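Just so you know, we're using our numbering here: the sequence shown kicks off at 27 and counts up by one.
None of these hints come from the bench; they were simulated from the model. Treat the numbers as computed from the prediction; the structure is a model and nothing was measured. Built from N, CA and C at the ideal position, the CB exists for glycine as well. Heads up, some of the hints might be wrong.
Pair by pair, the computed Cβ-Cβ distance ranges are [unchecked claim]: (1) VAL111 - GLU167: 20 to 26 Å; (2) GLU146 - ASP113: 19 to 25 Å; (3) GLY64 - ALA160: 15 to 21 Å; (4) ALA160 - GLU85: 33 to 39 Å.
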Amino acid sequence: MEVVQTARMLLSRVTADDLPAVHEIHSDPRTSVYNPAGPSPDLESSRAMLDLWLADWDERGLGYWAARLLGEPEVIGIGGLRRAVVDGDEVLNLYYRFRPSAWGHGYALELAEAALRLGEGLGRVVAVIRDINAPSRRVAERAGMRKDRTIPYGGVPSDVYVA
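All chains, please: the whole structure from these sequences, using the hints.
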């Protein structure tokens, strides 16, 4: 679904117009503290990432959303489901990343729950979470996911959570 409304947010298919928000969110060192690659180094890196997400929608009819509070224009986060290969398995990868100003309000959980509902029947949904990323693990667990195993992912130990 390209557009999903939750209790407090509008989740809509990312567009090329979301590039400034994608870059702001992914270049902030606070949002990338658990990312082994670190923050997005420049606008071109963020554009390449967004281009992959746009291609997901065009080619697979599924991808990440831009999250906005209802009635507000600012993108507060990015997330949703994306087809991926994790540890040799083709899965739907659950992802969520929000601006620090949006932390602590339950928005990641709200997005994760919406994505899990959407993913029912579409394939196996997983979240690959760095083993030291306690906040993200809590979101996955509160959304009803459970830790399945630990794998090396991106060069670091990461937990695979399954729905």
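- Message: If I claimed the Cβ atoms of VAL111 and GLU167 lie 20 to 26 Å apart, would that claim hold in this structure?
- Response: holds, 24 Å
- Message: Given the hint of 33 to 39 Å, is the C-beta distance from ALA160 to GLU85 inside that range or not?
- Response: holds, 34 Å
- Query: Regarding GLU146 and ASP113, is the given constraint of 19 to 25 Å on their beta-carbon distance met?
  - Reply: holds, 22 Å
- Message: Given a hint of 15 to 21 Å, does the C-beta separation of GLY64 and ALA160 actually sit inside it?
- Response: With Cβ atoms ~19 Å apart, the hint holds.
In terms of the numbered hints stated before, the structure departs from none.
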